[in-house]
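Please construct the entire structure, taking both the sequences and the accompanying hints into account.
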Amino acid sequence: MQIVMDPTGDSRHHFNPHDAQEVAKAERRFYELTHVGFTAAARTGPGQVSRSFDPSTEETVFFPRLVGG
Amino acid sequence: MLRFRPSRRGERSRRRAAKRLFIRHGMEKTAEGRSLRLLRQWLSPAQRVQFAEMSYFEVVGGDTGKRYRIYAGAATNVCEVDDNGRPTLGLCFLPMGDLPIGDVMLSQKIALECSETQARGVARSFAPDRTFRGNRLLR
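Respectively, the protein sequence lines represent chains A and B.
The opening position of the first sequence corresponds to residue 1 in the working numbering, with each subsequent residue numbered one higher.
The opening position of the second sequence corresponds to residue 1 in the working numbering, with each subsequent residue numbered one higher.
Calculated from the structure, these hints are not laboratory results.
Keep in mind it's a predicted model, so treat the numbers as computed, not measured.
A portion of the hints provided could be inaccurate.
Not the full set, but computed from the structure, chain B residues with beta-carbon under 7 Å of chain A [unchecked claim]:
hint, residue
1, Arg34
2, Met54
3, Pro95
Which stretches of chain A does chain B cover? Using the computed rule of at least three CB atoms under 8 Å from a CB of chain B, they are [said to hold, decoys possible]:
hint, segment
4, 2-8
5, 54-67
Quick reminder that beta carbons are idealized off the backbone N, C-alpha and C, glycines included.
What follows is the structure in structure tokens.
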């Protein structure tokens, strides 16, 4: 599942890792988001930033670029 | 005849109690509630307990091993703490866009744990003051 933070809380995108079409769509989303500055993090222990798409990751959260307050 | 008028103090405490309940339990259908639920899911068991009891949780910087405290809030809510748990430096950084506080806090947690140097690079630092004592938003 890909969770993208937004003003509503988040948008969730489920995909079946065994379905090539769904995986391709998820991969496209991953790179589109990271390309515009989102950080992707996988929930593995304390969390891990993902630089490349891994369809086997159970849950990835995307948050926008960080800025100073 | 005297009319009953609730005191301001009473109103304030009721409002605070409602806010506390709202934050503790998270109204699932609101953006804030959803974001707080997501945050809790991503916290470690120890952080979850700490957040429930103290309304803040601590993270360890992935690069330096320094300890940071993240309070409930969306700005000026992060501080570095020393070995005695005293705030030594306030840090202000947040994700772009108008995100609910749970999302902001989760982004701050992930950033400090996974890319601490980068997070500190964009953060504005400030001297922590009394506002870092206690539960800033929840009490």
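We went through each hint and held it up to the structure:
1. Hint on Arg34 (chain B) holds. Least Cβ distance to chain A is approximately 3 Å, under the 7 Å limit.
2. This hint is violated: Met54 (chain B) has a C-beta 19 Å from the nearest C-beta of chain A, more than the 7 Å allowed.
3. Look at Pro95 (chain B): its Cβ gets to within about 4 Å of chain A, closer than 7 Å, so that hint holds up.
4. A count of 5 residues in the segment 2-8 of chain A with a Cβ less than 8 Å from any Cβ of chain B is obtained; the coverage claim is therefore met, three being the minimum.
5. For the segment 54-67 of chain A, the assignment as covered by chain B holds, since 6 residues bring a beta-carbon within under 8 Å of that chain's beta-carbons and 3 suffice.
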